[in-house]
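Novice: Sequence:
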Amino acid sequence: MNTNKFGLHHVTAVAADAALSKHIFSDVLKLRLVRKSITPTDPRGYHLYFGDEFGSPGSLLTVMSPRCGKAGRIGAGQATIIQFSILVGTLEFWRSRLQRHNCQHILDETLFGDERALFLLPNGLLIALIENDGDKRKPWVSSDIGTAYAIRGLYGVTLAQQSTASLPDLLTDTFGYIQEDIEAVGATIQYRFRLPDADASVIDLQVDPNMARGFKGTGTIDHIGLYVGSDDEQRRLRQGLISAGLLASEIIDEQYTVSVSARTAGGLAIEVSRSKAGGFTVDENLKDLGNALCLPAGLEAQRKTDRRITPKTGLMRRDDSNRSKFTYDLEKIIVNPTSELSVN
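Mapping of the sequence shown onto this note's numbering: position 12 corresponds to residue 46, and the numbering continues sequentially without gaps.
Do not take every clue at face value.
Here are the simulated SDA-like cross-link-like pairs (lysine to any residue), alpha carbons at most 25 angstroms apart as the crow flies [claimed, not checked]:
hint : residue 1 : residue 2
1    : 64        : 172
2    : 310       : 249
3    : 172       : 250
4    : 250       : 181
5    : 64        : 232
6    : 172       : 297
7    : 64        : 199
These aren't lab readings, by the way, just hints derived from the structure by calculation. Source: prediction; values computed, not measured.
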């Protein structure tokens with residue numbers, strides 16, 4: 035059993051419109067844009083990184099925007115809801131702010147003792163803002179949102195599956211999570227897992243045999259990254275994944291992280307990730323993070339010669355109508371017998 039204390043390192047989503055995602059996460063939710071890059075497999079599409087001042091593990095949300103991406107479907111076999119941590123007493127502030135910025139308020143609910151509000155964003159992603167007075171992380175602050183109201187970082191993530199498919203054992207035996215609670219609503223069972231003494235530490239697992247399977251595309255979460263603090267621990271966790279019956283990748287040295295990727299029996303894509311020394315300051319000064327287009331090392335030499343690479347300035351034109359292109363069954367994804375579902 036792993037004894038290292040870590041939670042989420044990052045969550046990576048896919049959205050069609052990079053400018054719209056930048057507007058939502060940087061201008062509305064006021065996360066810091068810490069990196070503007072592209073993906074090596076799609077050099078005409080942006081990969082944006084949002085987080086705290088440094089882009090610290092546990093604060094990171096990354097959004098890939100393929101140029102010709104097709105709309106996906108949120109459902110079983112995926113992470114479905116990105117959970118953000120806010121201080122107690124600030125939920126009404128955020129509810130009002132998000133609604134003013136074309137984010138649809140889905141419902142307010144109490145889940146496993148957490149007071150939270152769920153929103154459908156214009157780029158198709160689902161988020162939950164959760165009051166958490168125990169969060170001592172230093173947030174990224176801006177002129178219009180002070181420290182008291184700023185998002186602290188990731189709180190956790192919601193996963194959906196048609197069956198447990200050994201995922202609870204993987205979380206507890208391999209990653210050291212504790213199953214805190216369980217709720218049954220009809221055919222749906224919801225589990226709460228938490229990594230003790232860690233930030234970004236909550237994983238909610240929703241099991242519903244009747245939920246349609248999701249498929250990858252814009253408006254969905256591509257994968258979650260679980261934090262690990264050392265190369266030795268990463269090697270041990272890779273072996274733990276293999277021992278649990280998963281096909282784990284080799285340890286991959288990427289530009290800002292070192293990761294191992296795998297897919298669970300239920301279809302969930304996960305990574306075990308650690309940030310490299312220097313983080314995002316390896317190619318930008320701390321005060322300038324997110325300003326320049328920083329290319330993966332293998333493409334930097336082609337910046338001026340390869341027309342497939344996105345231009346250095348400007349993001350794609352924002353399209354606030356994207357939300358209507360996404361398909362999912364909110365009645366299946368969001369289950370709470372005490373809450374009213376209202377998509378306006």
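Novice: Now tell me if each hint is right for this structure.
Specialist: Hint check results:
A threshold of 25 angstroms between alpha carbons decides the hint, and for residue 64 with residue 172 the separation of about 14 angstroms falls inside it, so the pair holds. About 31 angstroms separates the Cα atoms of residue 310 and residue 249, which puts this hinted pair outside 25 angstroms; it is violated. Straight-line distance between C-alpha atoms of residue 172 and residue 250 comes to about 33 angstroms, which puts the hinted pair past the 25 angstroms bound. About 36 angstroms separates the Cα atoms of residue 250 and residue 181, which puts this hinted pair outside 25 angstroms; it is violated.
In summary, the hint linking residue 64 to residue 232 is supported, as the alpha carbons are separated by about 23 angstroms, within the 25 angstroms threshold. A distance of roughly 33 angstroms separates the Cα atoms of residue 172 and residue 297; the hinted pair therefore is violated under the 25 angstroms criterion. For the hint pairing residue 64 with residue 199, the CA-to-CA distance comes to about 37 angstroms; that exceeds 25 angstroms, so the pair is violated.
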